[in-house]
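Line by line, the protein sequences give chains A and B. Our numbering applies: residue 1 is where the first sequence begins, and numbers increase by one. Our numbering applies: residue 1 is where the second sequence begins, and numbers increase by one.
The hints are simulated quantities; they were obtained by calculation from the structure and are not laboratory data. Treat the hints with caution; some may be incorrect.
Stated by the list, open to error - Far from chain B by the CB rule (all over 10 Å, computed), these chain A residues:
1) D64
2) E226
3) Q259
To be verified - In silico lysine to any residue, SDA-like type, Cα no more than 25 Å apart, as pairs:
4) K167(B) / A110(A)
5) K175(B) / E393(A)
6) K175(B) / H63(A)
7) K96(A) / N130(B)
Every residue gets a Cβ at the ideal spot worked out from N, C-alpha and C, and that includes glycine.
Now for the letters of each chain:
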Amino acid sequence: MFRNVSYHYKIPLSFSVVIILTGMIVTTALVWQTYENLRRDIFRNAVEVGAALSGTLQLSIKHDDVWRAYRLLADTGQAADRDGGLLLVVLDEEYKVFASNQPRQFPVLASLENLSPEFAGLNKSLLQNNNNEARPIVQGATLWMYVVHPIHEYGTRLGVLLIGYAHSQFLPRYYEIVWNVSISSLGVMLILLPLGWYLGKNMAEPLVELSNCMEMVGQIPPDEIEYNLKEADDEIGLLSTRFREMLEDLRVKQQFERQVLVSERLAAIGRMSAGVAHEINNPLGGMLNAINTFKQHRHEEGVPEKTLYLLERGLGQIQETVSALLVESIPESHPLSFQDVEDIRTLLHADINKKNINLVWENNLVIPALLPSTQIRQILMNLCLNALQAAPEESTVFCKVCAVEEENLLIEVRNEGGDLDDETMELLFEPFAHQNSGGIGLGLWVTYQIVRQLGGEIVVKNQDGTVSFSVGIPLRNS
Amino acid sequence: MAKVFVKNKKCCRFSILVFLLFLNLVFSGQLIGAESAVRFGLTPVILDNQRDFLENWQKFLEKHLERPVIFIQRRTYGEITEMLLQEQLDIAWICGRPYVQHQQKLQLLAVPLYRGKPLYQSYLIALSDNTKIDSILDLKGKVFAYSDPDSNSGHLVPNVMLSRVGKDPKTFFAKTFFTWSHRDVVSAVASGLAQGGAVDGYVWETLNLVHPELTQRTRILNRSQKFGFPPLVARPSLPKNELLLIQSALLQMNKDPNGIQLLQKLNLDGFVEGDDALFDGIRESLLFLTGY
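In isolation and in its complexed conformation, chain A is listed as follows:
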């Protein structure tokens, strides 16, 4: 999902995530540190309070002066915290309450087991332990922390002072600090996030620009691609430089291709002119010879007739060549029918028999196709004659005519005449390009012209020794 997101957003988002995570980690660390400090402070405070009280409390226990102990505890509790968050309980040697600053909850003479659940859970051995040192015990449901402070006289234990800090005293302070730290972190994040977003966006910009430019390659000509790529020595800068060079190469290559196309076209025209000149020059030579012969032997018997015959034959040849080139002059004819296709098959009989060819013929034209029969017959005839000519003896020639989805007429002719070389493929549809024993090399050129006139297209495939011509012509609606 995230992989498909543009770097335009991905980099700023990553920056933001890192900033938020950092903020959260720093906040957590600070809060934890604060908690620890607060705990340590409170413990230190408890030890100080305990040390200050224990001297007087020691005398109170010794003299069994409950009232003095109570006043001391009550005054201390009130001075420390007016909300009763500080609990002070003095336990005597038998761990019974001697006095406390909250006598209702911790009445005089109540034993440890009958006190609050936290104190009930407090093992006596826990109190006896660690003889003359104060120690913190954390923590209970109502009391957040309490400190056990021994009261002793010359090493003899007289009792213990329990100093308890209620949640109500600790939590507001803690929450206040958490709130302050969170607000500060949020403030820093609010400053950093837009900055991170801006930096991330700036970083992604060249990459996005480069990507947009690359996307345009192939869609619009390289000349028209506008780019605003900054030069730099970093990776994106190098990529941009390479891309610019590539675009320049592409431009030169396309220019070169256009030049090649023009020169090829000129060459084709040249070849065609040469072909036409050759085809006309031959009979013209013959005719000029005949006229010379006639000048010298005009009185001899039979010469005028023979001359006329030669002239007629020469002119006939020229007419044949010229009319073959004038493809568009072929007149309109009736719609192509099943029988028209079958006629071609009949006409091919002689050639098939000569080379003992296996002709596979598929004529699937059920209803007459709305296409001029003369032209289609010429296309089919030309392709078939070509195939038969190229096919080796006793090979198979495949011919198929059908209408596809009532929209196209499809003609497919295949032979096994072997692969055509690249040059032959290139010049396949040019006139006079490959004259062979059977013709003057206009067959495929004429076919190509007719197909184009009918708005169709012709495709040649040359694969594994098989050459196949596929012609598709759109059927006319009326």
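Dock chain B against the given chain A, drawing on the hints supplied.
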């Protein structure tokens, strides 16, 4: 060694200087002058912690006696009584019980009038929201607050009450303690430190006017019979004329606007000469409890 010698020498000089200064004071009459002041001992039989009141009362007495008056306060009744017997005080406001115990040596100076009579009661109090306790017998095995071991209302009365129903005050309560003032008995019970306490009824009522939030947290279980109000007494050797002067100053208080204002502060109506028979109730109690 030389340094030590120098130090000692300095010390010696300083001591001589102090001694000369002392002699100077004695002969100039400063210390003798202090002896001529009326030394007035106070105990927590009244709310003795109102500095403004004491200053005004001091001015009033000084004006009428034309002598300086010094108030002296101690934590316990016993200390004041002892100072009085040792003649370190001229007069003192003490409880009826020490007066009865030392009546041969002490001179009765005056007895305050409370609600028109020189009488007061002892109150037995408990926490107001503890409805399970209705009488002193319900306090068995509980924590009990006394005011002072020498107090009639705050110690003698509850003990006599228990003894009369055949209970031993020493073992009846699980724990007892002294707060050394009636006011603190009320505080001890109100805070829940003690489940019951014995307090001077006059102090409780006066406190009820000044700090009702404190007294409202306590409930009166029992009001005792009436006893002679804690009297003002004089040291054994105080000359009669001095005693009468002081007595007259006290008796005139309810006739003087300033005196009336001071009495209002004390929640008292005035002072009377008083009759020794007022304290017969306390005598009976002592006789019953201790046999003498």
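Hint check:
1. Annotated as non-interface, D64(A) brings its C-beta within 10 Å of a C-beta of chain B; the closest such distance is 7 Å.
2. Distance check on E226(A): its Cβ is at least 88 Å (rounded) from any Cβ of chain B, clearing the 10 Å threshold; non-interface status holds.
3. Distance to chain B confirms Q259(A) as a non-interface residue, since its nearest Cβ pair spans about 112 Å, more than 10 Å.
4. Distance hint between K167(B) and A110(A) is fulfilled; the C-alpha atoms sit about 24 Å from each other, no more than 25 Å.
5. A hinted pair counts as satisfied when its Cα atoms are at most 25 Å apart, and K175(B) with E393(A) does not qualify at roughly 136 Å.
6. As the CA atoms of K175(B) and H63(A) are separated by approximately 13 Å, the hinted pair is consistent with the 25 Å bound.
7. For the proposed pair K96(A) and N130(B), the alpha carbon gap of about 22 Å is at most 25 Å, so the pair holds.
Checked against the numbered hints given earlier, this structure breaks hints 1, 5; the rest are met.
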